[in-house]
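S.K.: The task is simple: from the sequences and hints, build the whole structure.
Each protein sequence line maps, in turn, to chains U and V. If you use the numbering used here, the first sequence corresponds to residues 1 to 308, in order. If you use the numbering used here, the second sequence corresponds to residues 1 to 329, in order.
Read the hints as simulated data drawn from the structure, not as lab findings. Among the hints, erroneous ones may be present.
Okay, derived cross-link-like pairs now, DMTMM-like style, lysine to aspartate or glutamate, Cα gap no bigger than 25 Å in a straight line [said to hold, decoys possible]:
#, chain 1, residue 1, chain 2, residue 2
1, U, 127, V, 154
2, U, 241, U, 231
3, U, 101, V, 162
4, U, 149, U, 304
5, V, 325, V, 211
6, U, 241, U, 252
Every beta carbon over 12 Å from chain U, so not counted as near; a handful from chain V, in silico [to be verified]:
#, residue
7, 103
8, 111
9, 128
10, 175
11, 182
12, 191
13, 196
14, 226
Virtual Cβ for every residue (Gly too), placed ideally from N, Cα, C.
Each chain, written out:
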Amino acid sequence: MLAGALLAAGAACNRGAPSDDARPRIALVLKTLNSPFFIEMQRGAVEAANRLQVDLVVQAAEREIDVEKQMQIIENLIQARVSALAVTPSGSREVVPAVGKANQANIPVVIVDTRLDTATAQQAGVKTVSFVGSDNYRGGQLIGEYLVKASGGRARVALLEGIPGHETGDSRVRGFREAIKGSPGITIAASQPANWERDQGFTVFQNMLQANPDLDTVFACNDMMALGAIEAIAAAGRTGKIRVLGFDAVDDARKAIAAGTMEATVAQFPSEMGRIAVETALKAMKGESVPADVTVRIGLVTRENVNE
Amino acid sequence: MPSDVAEQPRAGAAPRSRPPVASRARRLGTLAGLVGLCLLLWILTPHFLTTSNLLNVLEQTAINAVIAVGMTFVILSGGIDLSVGSLVALAGVVLATLLHADTPVVVAILSAIAAGALFGSLNGLAITWGRLPPFIATLGMMSVARGCALLFTDGRPVSGFEPAFRALATARVIGIPAPVFLTAAVYLAAQFVLSETRFGRYVYAIGGNEEATRLSGVSIRLHKTAVYAVSGATSALAAVLLTARLNSAQPIAGMMYELDAIAAVVIGGTSLMGGEGTLGGTLIGALIMGVLRNGLNLLGVSSFMQQVVIGLVIVGAVLIDTVLKSRKT
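M.R.: Listed below in structure tokens is the structure:
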């Protein structure tokens, strides 16, 4: 019984086992490994770990939305006695109990990319050593300011939100709304979640176009959803007539900007996030002081600078 | 471990489709698999066989194990329930909303269980009165219940509960996490229903030979509807554990949980054709999944490889079942 699985587990063990027990072992728990953003983050973390001679374990749940599985992974890594944890929370509130368990085990926790919900963390008495990530609110503002300038203050906008309750997406939307507040000619005609996913970006935006044929702008809170929207626009035969704005500057989005099917996105630097996360976790583990907040740079990407 | 239900005399004219020896051998095989897996992990990592880790695995297995109870009833009756994950979400948000409205904890929990059972029985009605295949009826409910959960909350999680409720996940009694006791209680109660009540025997009989059972005067409609209500109720119980554990109820929670529950039941040796299988097997199946995920995390195996291994275990378990069966006939 289970012979195949046991063999597979045995074989897999050879790949994953720590090579040297004296090295500190740091775990990076990602939301998912299915998206270019987190693969980039993993790359930066692995490079830093190799340079700093740290054993790095990278784990992610099968599905980004499955925060309970992420909690299981964190619990299991606590049992494996890793020296420090870096976590990109799948849910800003839902991961708080897992961080609490790490606190009890005296394992320092660095939060990456998505903040914990401050109120929930305070209420639970949970402590993290540092937050490493982009200023998503500022990023949303950058896109909003770009739209005000590019549209001359007149636009009918559709918003594609991330998974509801995710702090990252919520901040981007808030920043965007703040930036367009002074332009009464810019109205948000529709706003719906497409759960960060490309195929959902496609279907949700297709439906929005059916309901609001006069849309001329879409801001998707990440590029995957924006790329889905671009396909929906093409399917409706309106390529070039609707301004597409995204977030993250993944490779496919840069290509779309160069090709003219997308107008702007906000570049984040996930590999830098990964690198700083590992460096910060290592310092925290050694008991050195670390900044409570590390803001990783962001920048607006448009046709003018897409090839830089 | 619970007694072997397959050896109980059956009601009605439903014939036994396989000698009990095979069923017992199959379950011993599953148990041996679990023990073997534990031994292997014990050799591979010093972190596996510690009290705290074993309790950790039991705690993590609780949610899937509880959903798998209802799924065992459904599969024993010859059906399938794809809606359990969505029912977890729906019952979770009902529970959370009531708790936020200052409903007493017990009332909120009972209401959530009632909601789960109600939606589950709608599955049953669609299958019996509507004559829909269970796959289709519960596929529809999967979407309806998910949609209701999203509508109900406007897509947002409902979070933050009082300590008295959270204790269901966080409390420890003589060092053992509360969810472990709750899971044990659910299994004992369900085992009693399956082996000691007429309803339990009818579940086996309907799955073994529905036509013969009907001819012997048993109401298929009533009992099948009850089976899906049980599945909805255990999904709701799992939602209670999940909500207390995360201190939050998400309308998007529980996606694909149906697959984990079906996997636990199938690894546990219950036949997808219905009529044969045991709850004890399901519990072992759920534990195998839990131990496997835990062990692969402890070893630092890549997340992608973990999916491959879990898939192989599911297929391997059924393959062994098929081989055993072909030998007996």
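S.K.: Within 25 Å, alpha carbon to alpha carbon, are residue 149 of chain U and residue 304 of chain U?
M.R.: It holds: about 15 Å lies between the C-alpha atoms, which stays within 25 Å.
S.K.: Given the hinted pair residue 101 of chain U and residue 162 of chain V, is their Cα-Cα distance within 25 Å?
M.R.: holds (18 Å)
S.K.: Please verify that the nearest CB of chain U lies beyond 12 Å from residue 103 of chain V's CB.
M.R.: holds (20 Å)
S.K.: Would you check whether the claim that residue 226 of chain V is not at the interface survives, using Cβ distances to chain U and the 12 Å cut-off?
M.R.: Label holds. Min Cβ-Cβ 29 Å, cutoff 12 Å.
S.K.: Does the claim that residue 196 of chain V lies off the interface hold, with its Cβ farther than 12 Å from every Cβ of chain U?
M.R.: holds (30 Å)
S.K.: For the pair supplied as a hint, residue 241 of chain U and residue 252 of chain U, is the alpha-carbon distance within the 25 Å limit?
M.R.: Holds, because 20 Å separates the two Cα atoms, which is no more than 25 Å.
S.K.: Assess, step by step, whether the Cα of residue 241 of chain U is no farther than 25 Å from the Cα of residue 231 of chain U, and give holds or violated.
M.R.: holds (13 Å)
S.K.: Compare the distance between the alpha carbons of residue 127 of chain U and residue 154 of chain V with 25 Å, and conclude whether the hinted pair is satisfied.
M.R.: violated (30 Å)
S.K.: Confirm or reject: residue 175 of chain V is not an interface residue toward chain U, with every Cβ-Cβ distance exceeding 12 Å.
M.R.: holds (14 Å)
S.K.: Straight-line Cα separation of residue 325 of chain V and residue 211 of chain V no greater than 25 Å?
M.R.: holds (23 Å)
S.K.: Measuring Cβ to Cβ, find out whether residue 191 of chain V lies farther than 12 Å from everything in chain U.
M.R.: holds (23 Å)
S.K.: Is it correct that the beta-carbon of residue 111 of chain V has no partner in chain U closer than or equal to 12 Å?
M.R.: holds (22 Å)
Hint 1 from the list above is the single one not met by this structure.
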